[in-house]
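S.K.: Build out the structure end to end from the sequences listed, making use of the hints.
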Amino acid sequence: MAHKTINIKLRVWRQKDAKSKGGFEKYELENISVDSSFLEMIDVLNEKLISENKEPVAYDHDCREGICGMCSLFINGRAHGPDNLITTCQLHMRKFSDGETITIEPWRVGSFPIIKDLMVDRTAYEKIMQAGGFVSVATGGVPDANSILIPKDDAEEAMDAAACIGCGACVATCKNSSAMLFVAAKVSQLALLPQGKIEASRRAKNMIAKMDELGFGNCSNTGACEMECPKGISLAHIARLNREFLVAGLKA
Amino acid sequence: MSNFINSSIGKKLIMSISGLFLIVFLLVHLTANLFLLWGSDAFNMSAHFMGTNPIIKIVEPILALGFFIHILYSLIVQFKNWKSRPVKYAKVNQRDASTWASRNMIWLGLFIFAFLIIHVINFYWIIKFGDPGTVIVNGEEMEDAYTLVIDLFTSSGSLAYIYSGIYIIGFIALGLHLHHALWSAFQTIGWSNIKWRKIWTVIGDIYAIIIAVGFSIIPIYFLFIK
Numbered sequence: 052m053a054h055k056t057i058n059i060k061l062r063v064w065r066q067k068d069a070k071s072k073g074g075f076e077k078y079e080l081e082n083i084s085v086d087s088s089f090l091e092m093i094d095v096l097n098e099k100l101i102s103e104n105k106e107p108v109a110y111d112h113d114c115r116e117g118i119c120g121m122c123s124l125f126i127n128g129r130a131h132g133p134d135n136l137i138t139t140c141q142l143h144m145r146k147f148s149d150g151e152t153i154t155i156e157p158w159r160v161g162s163f164p165i166i167k168d169l170m171v172d173r174t175a176y177e178k179i180m181q182a183g184g185f186v187s188v189a190t191g192g193v194p195d196a197n198s199i200l201i202p203k204d205d206a207e208e209a210m211d212a213a214a215c216i217g218c219g220a221c222v223a224t225c226k227n228s229s230a231m232l233f234v235a236a237k238v239s240q241l242a243l244l245p246q247g248k249i250e251a252s253r254r255a256k257n258m259i260a261k262m263d264e265l266g267f268g269n270c271s272n273t274g275a276c277e278m279e280c281p282k283g284i285s286l287a288h289i290a291r292l293n294r295e296f297l298v299a300g301l302k303a
Numbered sequence: 009m010s011n012f013i014n015s016s017i018g019k020k021l022i023m024s025i026s027g028l029f030l031i032v033f034l035l036v037h038l039t040a041n042l043f044l045l046w047g048s049d050a051f052n053m054s055a056h057f058m059g060t061n062p063i064i065k066i067v068e069p070i071l072a073l074g075f076f077i078h079i080l081y082s083l084i085v086q087f088k089n090w091k092s093r094p095v096k097y098a099k100v101n102q103r104d105a106s107t108w109a110s111r112n113m114i115w116l117g118l119f120i121f122a123f124l125i126i127h128v129i130n131f132y133w134i135i136k137f138g139d140p141g142t143v144i145v146n147g148e149e150m151e152d153a154y155t156l157v158i159d160l161f162t163s164s165g166s167l168a169y170i171y172s173g174i175y176i177i178g179f180i181a182l183g184l185h186l187h188h189a190l191w192s193a194f195q196t197i198g199w200s201n202i203k204w205r206k207i208w209t210v211i212g213d214i215y216a217i218i219i220a221v222g223f224s225i226i227p228i229y230f231l232f233i234k
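Taken in order, these protein sequences are the chains called A and B.
Counting in our numbering, the first sequence runs from 52 upward without gaps.
Counting in our numbering, the second sequence runs from 9 upward without gaps.
Read the hints as simulated data drawn from the structure, not as lab findings.
Heads up, a few of these hints could be off.
[Stated by the list, open to error] Mimicking PhoX-like on lysine-lysine, the simulated pairs with C-alpha atoms at most 25 Å apart in a straight line are:
#1 A:Lys67 x B:Lys91
#2 B:Lys96 x A:Lys72
#3 B:Lys88 x A:Lys261
#4 B:Lys203 x A:Lys203
#5 A:Lys167 x B:Lys91
#6 A:Lys70 x B:Lys96
#7 A:Lys226 x B:Lys88
#8 A:Lys203 x B:Lys19
#9 B:Lys99 x A:Lys282
#10 B:Lys19 x A:Lys167
#11 B:Lys99 x A:Lys178
#12 A:Lys70 x B:Lys99
#13 B:Lys99 x A:Lys226
#14 B:Lys91 x A:Lys77
#15 B:Lys91 x A:Lys70
#16 B:Lys206 x A:Lys282
#17 A:Lys226 x B:Lys96
#18 A:Lys67 x B:Lys96
#19 B:Lys96 x A:Lys248
#20 B:Lys19 x A:Lys77
#21 B:Lys203 x A:Lys282
#22 B:Lys91 x A:Lys261
#23 A:Lys70 x B:Lys206
#24 B:Lys19 x A:Lys226
#25 B:Lys99 x A:Lys72
#26 B:Lys96 x A:Lys261
[Unchecked claim] Far from chain B by the CB rule (all over 12 Å, computed), these chain A residues:
#27 Ser88
#28 Lys99
#29 Ile137
#30 Ser148
#31 Thr154
#32 Asp172
#33 Thr174
#34 Ala214
#35 Ile259
#36 Asn269
#37 Met278
#38 Ala287
#39 Phe296
#40 Gly300
C-beta atoms are modelled at their ideal positions from N, C-alpha and C, and glycine is treated no differently.
M.R.: So, in structure tokens, the structure goes:
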């Protein structure tokens, strides 16, 4: 079978560390297989840079199967590049054409400072989780399976929210750098289940307070986050978060 | 409570409630205006009723406050949003991810605000503080608001076209603003889910069209038909 390859031009954001001023560097790559993944293409670039005694491009990656949430990258103006419902590691070079210039930028979010080149520090998400993204459980014996009955629809919806991998595409895409879809997914996945329902209002309140404190923007309901989310998490979860927050505010 | 009001969702809630209040006002305003199409007596009576009705007298300062709060909070929220991304992207492609109107609510809003100032100077200011002239309808003396409107949209030379153009562009901007506004307000209040998002969007679009087309009929009617 004939093996199709393309030649591409890259415009990659290079930045030495958090404090340095960054800028775009241009690279050209030849004979890139259209079957290779986007990250494999960057690996090829890095091999080339290393062989030329240059500093390779630093970028985040881990599982390379779309589940860990480590890979980021804003490619040609879109989080995780020109395809829907995927992470960057699931993006393939067949989505690009021969001779195309590909612009690669890190997540540009004030609350996610750049570590180096395309790597950003997403600790802000961990801090939001620490503020309430958990269920306080009394310790004791292991409860019997199915001792708490959960309606199928609720379980499904909670699972849809729990699909969030915390990659940050929602914040990166949002014109306001708002973390609402992330927080909504975390609040929703717990608020829908009996174990998490007890703390639902308090959780929403604390997580939103932390989100605001960390400098994320406000939600404009544009819906861009939902479209760029690799797990397709719905804006309906943001409505639930707003409800929980409103209830928490009225109670207090 | 102050924590609640100062939170991101709290500020958004103020924007959505003030916005919904303005949405209701627009419908009342349009209803009163459409009497223009039934001639001078009908509209003058409608304007006189609006100007003298005690309920309207009470609502008037609340309306001004509604505008003030909605605009003030839009700026507060917007400045925080801009601050949240200190370094901008070199390339952004949101064509398929969100609507143009939803991304440009602040600019549409500021444009509508500029239009509102022109509009207030054109009519409200003259009726309240100027000399609009009077007319007698059914034995009662009242401000001649009808002539004021006619004069603006049929004024001499190209001025009529300029004013009609400003008003129609203003109504289009208003329609685009409303296209995102209604569903967004209910989403912020939390009265939305996958099913209701579709319902609010449809209602919002129908409403936006009614407002934009309804108000635009007036300058078009006086410019071309009458």
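S.K.: For the pair we were handed, Lys203 of chain B and Lys203 of chain A, check the Cα-Cα distance against 25 Å.
M.R.: holds, 18 Å
S.K.: For Lys70 of chain A and Lys96 of chain B, compute the direct alpha-carbon distance and say whether it is at most 25 Å.
M.R.: holds, 16 Å
S.K.: Verify the proposed pairing of Lys91 of chain B with Lys261 of chain A, using a straight-line Cα cut of 25 Å.
M.R.: Holds. Lys91 of chain B to Lys261 of chain A sits at ~17 Å (cutoff 25 Å).
S.K.: Holds or violated: are the alpha carbons of Lys67 of chain A and Lys96 of chain B at most 25 Å from each other?
M.R.: holds, 18 Å
S.K.: Taking 12 Å as the cut and beta carbons as the points, is Ile137 of chain A off the interface with chain B?
M.R.: holds, 14 Å
S.K.: Checking one constraint from the list: CA of Lys91 of chain B to CA of Lys77 of chain A, max 25 Å. Satisfied?
M.R.: violated, 29 Å
S.K.: For the pair we were handed, Lys70 of chain A and Lys99 of chain B, check the Cα-Cα distance against 25 Å.
M.R.: holds, 22 Å
S.K.: If I take the minimum Cβ distance from Asp172 of chain A to any residue of chain B, is it greater than 12 Å?
M.R.: Asp172 of chain A clear of chain B: closest Cβ-Cβ about 14 Å, beyond 12 Å.
S.K.: CA of Lys99 of chain B to CA of Lys178 of chain A, is that 25 Å or under?
M.R.: Outside the cut-off at roughly 29 Å; violated.
S.K.: Is Lys91 of chain B within 25 Å of Lys70 of chain A, Cα to Cα?
M.R.: Satisfied, since the Cα-Cα distance of roughly 18 Å is no more than 25 Å.
S.K.: Is the straight-line distance between the alpha-carbon of Lys96 of chain B and that of Lys248 of chain A 25 Å or less?
M.R.: Roughly 39 Å between the alpha carbons, so the hint for Lys96 of chain B and Lys248 of chain A is violated.
S.K.: The output says Ile259 of chain A does not contact chain B. Does that hold with a beta carbon cutoff of 12 Å?
M.R.: At roughly 6 Å from the nearest Cβ of chain B, Ile259 of chain A sits no farther out than 12 Å, so the non-interface label is violated.
In summary, the structure is inconsistent with hints 8, 10, 11, 14, 19, 20, 23, 31, 35, 36, 37, 38, 39 and 40 from the numbered list given earlier, while agreeing with the others.
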